[in-house]
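J.: The primary structure of each chain is shown beneath.
2 protein chains.
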Amino acid sequence: MNLDIISIGDELLIGQTLNTNAHWIAAELDKIGFTIRQQTSISDNKEHIIETLSNVLEKSDVVLITGGLGPTNDDLTMPVLNDYFGGKLITDAAVYNDIEKLILGRGFEMNENNKRQALIPDNCKVVRNAHGTAPGLWFEQGDKVVVAMPGVPFEMKAMITDTVIPWLKEKYVLPEIVHQMVLTQGLPESKLAELIADWENQLPATIKLAYLPSPGRVKLRLSSKGKSRAEVQHKIDEQVAKLMQIIPQNIYSTDNSNLEEVIGKMLVQQKATLATAESCTGGYLAHLITSISGSSDYFKGSVISYANEIKINELGVKKSDLENFGAVSQQVVEQMALGVLKKFTVDYAVATSGIAGPTGGTAEKPVGTVWIAVANKNGVVSKQFTFGKLRSVNIERSAVAALGMLREVLQG
Amino acid sequence: MNLDIISIGDELLIGQTLNTNAHWIAAELDKIGFTIRQQTSISDNKEHIIETLSNVLEKSDVVLITGGLGPTNDDLTMPVLNDYFGGKLITDAAVYNDIEKLILGRGFEMNENNKRQALIPDNCKVVRNAHGTAPGLWFEQGDKVVVAMPGVPFEMKAMITDTVIPWLKEKYVLPEIVHQMVLTQGLPESKLAELIADWENQLPATIKLAYLPSPGRVKLRLSSKGKSRAEVQHKIDEQVAKLMQIIPQNIYSTDNSNLEEVIGKMLVQQKATLATAESCTGGYLAHLITSISGSSDYFKGSVISYANEIKINELGVKKSDLENFGAVSQQVVEQMALGVLKKFTVDYAVATSGIAGPTGGTAEKPVGTVWIAVANKNGVVSKQFTFGKLRSVNIERSAVAALGMLREVLQG
Numbered sequence: 009m010n011l012d013i014i015s016i017g018d019e020l021l022i023g024q025t026l027n028t029n030a031h032w033i034a035a036e037l038d039k040i041g042f043t044i045r046q047q048t049s050i051s052d053n054k055e056h057i058i059e060t061l062s063n064v065l066e067k068s069d070v071v072l073i074t075g076g077l078g079p080t081n082d083d084l085t086m087p088v089l090n091d092y093f094g095g096k097l098i099t100d101a102a103v104y105n106d107i108e109k110l111i112l113g114r115g116f117e118m119n120e121n122n123k124r125q126a127l128i129p130d131n132c133k134v135v136r137n138a139h140g141t142a143p144g145l146w147f148e149q150g151d152k153v154v155v156a157m158p159g160v161p162f163e164m165k166a167m168i169t170d171t172v173i174p175w176l177k178e179k180y181v182l183p184e185i186v187h188q189m190v191l192t193q194g195l196p197e198s199k200l201a202e203l204i205a206d207w208e209n210q211l212p213a214t215i216k217l218a219y220l221p222s223p224g225r226v227k228l229r230l231s232s233k234g235k236s237r238a239e240v241q242h243k244i245d246e247q248v249a250k251l252m253q254i255i256p257q258n259i260y261s262t263d264n265s266n267l268e269e270v271i272g273k274m275l276v277q278q279k280a281t282l283a284t285a286e287s288c289t290g291g292y293l294a295h296l297i298t299s300i301s302g303s304s305d306y307f308k309g310s311v312i313s314y315a316n317e318i319k320i321n322e323l324g325v326k327k328s329d330l331e332n333f334g335a336v337s338q339q340v341v342e343q344m345a346l347g348v349l350k351k352f353t354v355d356y357a358v359a360t361s362g363i364a365g366p367t368g369g370t371a372e373k374p375v376g377t378v379w380i381a382v383a384n385k386n387g388v389v390s391k392q393f394t395f396g397k398l399r400s401v402n403i404e405r406s407a408v409a410a411l412g413m414l415r416e417v418l419q420g
Numbered sequence: 009m010n011l012d013i014i015s016i017g018d019e020l021l022i023g024q025t026l027n028t029n030a031h032w033i034a035a036e037l038d039k040i041g042f043t044i045r046q047q048t049s050i051s052d053n054k055e056h057i058i059e060t061l062s063n064v065l066e067k068s069d070v071v072l073i074t075g076g077l078g079p080t081n082d083d084l085t086m087p088v089l090n091d092y093f094g095g096k097l098i099t100d101a102a103v104y105n106d107i108e109k110l111i112l113g114r115g116f117e118m119n120e121n122n123k124r125q126a127l128i129p130d131n132c133k134v135v136r137n138a139h140g141t142a143p144g145l146w147f148e149q150g151d152k153v154v155v156a157m158p159g160v161p162f163e164m165k166a167m168i169t170d171t172v173i174p175w176l177k178e179k180y181v182l183p184e185i186v187h188q189m190v191l192t193q194g195l196p197e198s199k200l201a202e203l204i205a206d207w208e209n210q211l212p213a214t215i216k217l218a219y220l221p222s223p224g225r226v227k228l229r230l231s232s233k234g235k236s237r238a239e240v241q242h243k244i245d246e247q248v249a250k251l252m253q254i255i256p257q258n259i260y261s262t263d264n265s266n267l268e269e270v271i272g273k274m275l276v277q278q279k280a281t282l283a284t285a286e287s288c289t290g291g292y293l294a295h296l297i298t299s300i301s302g303s304s305d306y307f308k309g310s311v312i313s314y315a316n317e318i319k320i321n322e323l324g325v326k327k328s329d330l331e332n333f334g335a336v337s338q339q340v341v342e343q344m345a346l347g348v349l350k351k352f353t354v355d356y357a358v359a360t361s362g363i364a365g366p367t368g369g370t371a372e373k374p375v376g377t378v379w380i381a382v383a384n385k386n387g388v389v390s391k392q393f394t395f396g397k398l399r400s401v402n403i404e405r406s407a408v409a410a411l412g413m414l415r416e417v418l419q420g
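Residue numbers (this note's numbering), protein chains in the order written: chain A, 9 to 420; chain B, 9 to 420.
Straight-line C-alpha distance at most 27 Å; calculated DSS-like pairs for lysine-lysine:
| # | chain 1 | residue 1 | chain 2 | residue 2 |
| --- | --- | --- | --- | --- |
| 1 | B | K351 | A | K327 |
| 2 | A | K351 | B | K326 |
| 3 | B | K54 | A | K39 |
| 4 | B | K350 | A | K327 |
Cβ-to-Cβ under 10 Å is the rule here; a few derived chain B residues that face chain A:
| # | residue |
| --- | --- |
| 5 | Q24 |
| 6 | L37 |
| 7 | I50 |
| 8 | P196 |
| 9 | A205 |
| 10 | T281 |
| 11 | G290 |
| 12 | S299 |
| 13 | S301 |
| 14 | K319 |
| 15 | V401 |
Partner residues aside, some chain B positions facing chain A, computed with beta carbon under 8 Å:
| # | residue |
| --- | --- |
| 16 | D38 |
| 17 | S198 |
| 18 | L217 |
| 19 | Y314 |
Treat the hints as calculated values from the structure; they're not laboratory data. Every residue, glycine too, gets a C-beta built ideally from N, C-alpha and C.
Please build the complete structure, drawing on both the sequences and the hints.
T.: So, in structure tokens, the structure goes:
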């Protein structure tokens with residue numbers, strides 16, 4: 009079953025916005041058994057939209073379109089599709105209510121732009137938008153389906169997950185495809201590949217392996233297709249079990265839970281509480297932890313101590329140690345962790361101190377030098393890391409490494 | 009002058025690799041005056057490559073292709089292009105030397121795959137690859153140009169910058185293009201469009217306007233082309249000046265600086281310091297602030313008070329107010345801001361308290377209810393917001409709204 013993705017928006021063509029939508033859609037629709045034939049990005053131009061749509065509809069069963077559904081004059085997708093499928097625009101009462109609720113909820117009045125967004129072609133089904141004013145449109149032409157959605161990523165994603173995928177599964181018979189994720193942490197891609205080379209070489213030809221690296225982590229994806237989901241899953245499970253024996257310390261998830269979710273579950277299980285004391289991560293570690301719904305059950309808070317006086321006054325770091333060893337040192341990071349453990353009376357505390365860059369490095373402690381400590385009632389462990397030169401990547405890698413160390417301590 | 013980008017690679021179509029190449033190429037080629045007509049991603053399939061190339065060559069003057077130039081059997085771009093342009097493959101001595109040097113330098117011997125990469129169609133010019141083994145190929149057909157490059161981003165980027173762009177500038181006369189960004193905050197897209205409708209309608213036809221929304225912000229982009237860059241910029245500046253008079257409070261940047269950068273510059277200018285006290289943003293506000301290099305000059309730290317006891321013990325929030333009004337209230341958020349202002353002895357403090365969701369909402373205070381306060385020596389201001397249902401978006405919008413309020417206070 010072929011599927012085409014069309015992304016509409018001048019911002020894509022001038023290289024202003026990175027097209028993460030097509031990437032995300034491709035991954036999600038591939039997962040449920042579609043073959044993504046082509047991704048096409050075009051500008052907000054009527055003729056080009058029509059030409060592209062009619063071309064790709066010849067080759068694909070399903071066409072998913074994003075972008076150009078906003079309330080402003082440069083948004084052309086709705087009138088163009090209405091013309092293409094020969095419909096009439098009429099106000100959809102349910103959509104009008106959705107929009108009105110959203111706009112009034114934000115403290116604004118319905119204006120003409122908002123009202124215009126409730127004008128829907130009479131020959132399509134509405135894909136409701138739970139998070140924005142632009143509804144999605146589902147057109148059918150014989151056995152083929154064309155769906156238009158807004159380009160705002162979180163609006164589009166909810167529509168695909170909640171409505172488009174269920175409707176597609178209803179309409180088409182799709183092969184069973186299993187993508188098994190194995191999430192690893194603490195090994196660079198090249199080292200990981202070396203460690204698991206023998207395992208990789210003995211994989212059956214029906215199982216495809218992919219390495220998906222991100223700062224501090226590598227996701228492994230094992231993919232296989234078949235008629236029976238249970239059978240495919242069983243063959244994959246056998247291989248995952250073997251892999252578990254090779255790198256047990258580095259695998260933190262096989263159900264695609266991220267590191268902060270895994271840690272949250274462990275803390276809930278242990279009925280334990282957590283706090284952080286952050287310097288170089290500047291709140292990003294606490295942000296990852298609190299991005300998990302329900303984190304208020306175990307996360308009590310954090311002291312972000314960018315200034316040394318806050319390390320001293322709030323976390324009890326010794327002034328003499330700051331002077332003798334510097335803020336980025338084992339002594340200081342351990343005192344930060346122990347300090348917040350005591351201050352916030354929690355069971356576990358994590359601290360970070362490093363040079364995120366691009367300035368602040370020295371010959372002895374170059375940019376990318378990071379100390380991380382984890383404390384609990386038994387004491388404190390700490391470790392030095394040497395990351396790279398990019399500030400944003402150093403912040404991310406520090407937070408991931410801190411979560412990785414916390415996970416090890418939680419495992420005992 | 010129209011330009012098409014074709015990205016070849018299965019990893020793009022299954023959503024495994026994000027297509028950053030097309031984005032980067034579009035931005036670079038747009039800058040020098042090309043109109044990017046379309047970006048197309050396809051798999052390593054001979055028929056599909058030929059069909060796509062012949063289609064887009066009808067519409068565009070220049071076609072840039074990346075991917076499928078590697079040394080393995082699934083790399084088809086070279087033989088396909090050789091067939092398409094009717095050439096013969098012969099060993100190119102300069103390319104052979106480049107490859108040999110690179111391979112020997114890495115401590116390997118030349119193998120058959122490496123030798124095969126020096127076989128080049130005899131009707132193209134070679135675009136040398138300074139960082140890898142796969143050379144680029146420059147074909148001309150009448151006034152049109154087709155360039156194939158490897159998909160490895162840093163190899164491709166060096167080839168475009170060092171060779172492709174200089175050669176294109178030699179071959180074509182290109183217009184000057186200006187994209188002016190105007191970044192706004194605090195107005196939903198539909199409300200913004202209403203407020204600036206008259207201004208939008210009076211824009212000269214040569215200036216194109218685009219709305220680019222993200223949570224809590226809308227970027228406006230004014231684009232125009234001409235023969236003289238100074239003249240085009242001048243006409244755009246006139247329009248931006250008019251816009252500034254309509255929504256002066258909402259425009260925070262015309263040089264594409266983000267809100268956290270703008271605030272950083274204002275704090276540096278005022279030689280002022282900043283701290284945050286965060287509940288619902290859970291560190292994300294501090295993370296945005298500290299994502300800016302040099303933020304340690306003005307940002308002292310934060311107290312993330314997820315637990316009420318930390319609001320009381322660390323920030324001096326009155327227990328009775330927490331009990332009477334709840335954590336998400338004007339009383340509590342103002343005390344949080346004033347508390348951290350005093351505790352960290354800073355000039356400005358920002359506090360957030362809200363229900364990020366998905367749980368924790370009530371009829372009176374639904375998910376998405378957020379209070380934000382900004383304090384300085386003159387006192388404290390606070391405001392209630394009602395955002396949506398998604399935890400991650402609520403966190404982002406809260407942080408952006410907090411930065412927006414801080415900016416207003418910093419402006420005085």
